[in-house]
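Taken in sequence, the protein lines are chains A and B.
Quick note: the first sequence uses the numbering used here, first residue 36, plus one each step.
Quick note: the second sequence uses the numbering used here, first residue 159, plus one each step.
None of these hints come from the bench; they were simulated from the model.
Some clues are possibly wrong.
On the chain B side, residues computed to face chain A include the following (Cβ under 8 Å) [stated by the list, open to error]:
#	residue
1	G244
2	G260
3	R263
4	Y264
Listed below are several chain A residues computed to face chain B (Cβ distance under 10 Å; list not exhaustive) [what the hints assert, rightly or not]:
#	residue
5	R68
6	I75
7	E78
8	P89
9	V90
10	S150
11	E154
12	M158
13	T161
14	F168
15	S169
16	L170
17	G171
Predicted, not measured: the structure shown is a model, and the values here were computed from it.
We treat Cβ as the ideally placed atom computed from N, Cα and C, and that holds for glycine.
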Amino acid sequence: MALKFRLPILAPFYHQVGEVGLLIARTFKNYFRRPFEKKIFLESLEDIGVRSLPVVSVTAAFGGLVFGLQVYVGFHRYIGLGSEAFGGPIISLGLTKELIPLLVGLMISGRVGSSMTAEIGTMKITEQVDALFSLGADPIRYLVVPRTLASFIMVPCLVLYGDAIGIFAGFFYNIYLMGVNKSIYLTNTLLYLELWDIITGLIKAAIFGWVIAIVGCWQGLKAEGGAEGVGRATTRTVVVANICILILNFLLSKALPATLTGK
Amino acid sequence: MIRIVDLHKQFGTKKVLSGLDLEIERGETMVIIGQSGSGKSVLLKHLIGILKPDRGQIYIDGEEITRLVDEELQKLTRKFGMLFQGGALFDSLSVAENVGFGLERYSDYPRGEINRIVSESLAKVGLKGIEGLMPHELSGGMKKRVGLARAIAYKPEIILYDEPSTGIDPIRADSINDLIIELKNDMCVTSVVITHDMVSCYKVADRIAMLYNGRIIEVGTPADIQASSSPVVQQFIHGKAQGPITDW
Chain A
36 MALKFRLPIL APFYHQVGEV GLLIARTFKN YFRRPFEKKI FLESLEDIGV
86 RSLPVVSVTA AFGGLVFGLQ VYVGFHRYIG LGSEAFGGPI ISLGLTKELI
136 PLLVGLMISG RVGSSMTAEI GTMKITEQVD ALFSLGADPI RYLVVPRTLA
186 SFIMVPCLVL YGDAIGIFAG FFYNIYLMGV NKSIYLTNTL LYLELWDIIT
236 GLIKAAIFGW VIAIVGCWQG LKAEGGAEGV GRATTRTVVV ANICILILNF
286 LLSKALPATL TGK
Chain B
159 MIRIVDLHKQ FGTKKVLSGL DLEIERGETM VIIGQSGSGK SVLLKHLIGI
209 LKPDRGQIYI DGEEITRLVD EELQKLTRKF GMLFQGGALF DSLSVAENVG
259 FGLERYSDYP RGEINRIVSE SLAKVGLKGI EGLMPHELSG GMKKRVGLAR
309 AIAYKPEIIL YDEPSTGIDP IRADSINDLI IELKNDMCVT SVVITHDMVS
359 CYKVADRIAM LYNGRIIEVG TPADIQASSS PVVQQFIHGK AQGPITDW
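Could you put together the complete structure from these sequences and hints?
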């Protein structure tokens, strides 16, 4: 009785899960099939990577500045004057493992995920996706495979770039604006920041990138109902991708080892 | 060559096709007529495998296509060319890339040969020298004709035309009718044409099928259809506002 009552409520959810599950399965199958759409892959690399540099620069710089500020305040208030220089590793660790992958993921979801949905959604409602099929081209291989691969590769590159900017911004705030001891700050940062911390952030970024692209393509492929429908699908992409990123960020932080050196 | 048996398709609560049966012979031009929204485009999309039926079978050269999986279906689609209602040109590709899309991916032709076929296909639809233009630089009618050039470029055995003359001036529309006839005569192409334009319909059709309430209610030569005793067919072909179709 209880089951009968619950199932209709959850039916749309099951339907969506089935739909995206099928898309993921077909995408993986098509990673190993030819022809590979090299031109679209290269265009996607440029679109996701090069064209996102300005937004990632601003996000990482201000993320680094504000995190540097709060760590400075924290040390100054709770440990005392002079201890602020020990905040260097915390700033770098927080930025590389959490803040930069998360901020870049959210920004890319807004910039790239929505644009993928808008582009594929417009193709869907103007029958271009059907035309692909009619010309013997698998829409998944043509539209989804190159975009998900490009996003999987480029988002970690953007995060690495963002890490450098963010760490420098945190350093700049503490050393040049607040007059923290540069030598202690740098020594501690280099001593305690591990390569694994950066790699953790890059692993997260690769997964975020792939999720953003698959959500963007999924929503685009199911868009219907003209321009309004494409608009709704675009909004759904940003909401769904952002929620996925936030949940995955916690799960990955929990699942990935905190350190490889045992410190 | 094409046999459709008891085809059913429903979108939500709306039944579009309900037990449609039709046979189309090799080399024949079959024109399907019917009201807007009666399911003509849905029927075409079933023929090429874009849509899967809820029930029923479609046989192409004896092969049942509704159960084919992706790879097999894609091989089969290479037998088909399809002209979509709005042209459905790929926005990010030039006219030449659009027309040569299928050839570039699935033929062994060298680049020069593909370029020659692209120019020849464009010339056939009266659009010489526009290879470098992008779709947004074309008028609606030109897009449609480029779509037709794309559909015929790789010389398919079956061509599906979704309203080929809509949005094109009468002279160009007639030249497209001539092209449909020429393709049939020269290459023995099987054509399935959806149109509301009865002048085109009578000119190109070997047989005409009337789709009404999800089924084919009458099939015959243009003369048979004109002489039909069905009031539904008579109302449609004469374009009358009053009649059984509009009595609700």
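Against the structure, the hints come out as follows:
For G244(B), the interface hint holds, the least distance from its beta-carbon to any beta-carbon of chain A being 6 Å, beneath 8 Å. Among the interface hints, the one on G260(B) holds; its C-beta lies about 4 Å from the nearest C-beta in chain A, closer than the 8 Å criterion. Because the smallest distance between the Cβ of R263(B) and any Cβ of chain A comes to about 6 Å, under 8 Å, the interface hint for this residue holds. This hint holds: Y264(B) has a C-beta 5 Å from the nearest C-beta of chain A, less than the 8 Å allowed.
Satisfaction of the interface hint for R68(A) is found here, the shortest Cβ-Cβ separation to chain B being roughly 8 Å, below the 10 Å cut-off. The interface hint given for I75(A) holds, since its Cβ lies 9 Å from the closest Cβ of chain B, which is under the 10 Å cut-off. Interface restraint check: E78(A) against chain B, minimum CB-CB distance 8 Å, threshold 10 Å, status holds. Annotation: interface hint on P89(A) violated; nearest CB of chain B at approximately 23 Å, more than 10 Å.
This hint is violated: V90(A) has a C-beta 23 Å from the nearest C-beta of chain B, more than the 10 Å allowed. For the restraint placing S150(A) at the interface with chain B, the shortest Cβ-Cβ distance is roughly 13 Å, beyond the 10 Å limit, so the hint is violated. A distance limit of 10 Å between C-beta atoms decides the matter here; for E154(A) the minimum to chain B is near 8 Å, and the interface restraint holds. Interface hint at M158(A): satisfied, since its Cβ lies 7 Å from the closest Cβ of chain B, which is below the 10 Å cut-off.
A distance limit of 10 Å between C-beta atoms decides the matter here; for T161(A) the minimum to chain B is near 6 Å, and the interface restraint holds. Interface restraint check: F168(A) against chain B, minimum CB-CB distance 5 Å, threshold 10 Å, status holds. Hint on S169(A) holds. Least Cβ distance to chain B is approximately 4 Å, under the 10 Å limit. With 10 Å as the threshold, the beta carbon of L170(A) comes within range of chain B, its nearest partner Cβ sitting at about 4 Å, so the hint holds.
Against a cut-off of 10 Å between C-beta atoms, the interface hint on G171(A) holds, since the closest Cβ of chain B lies about 5 Å away.
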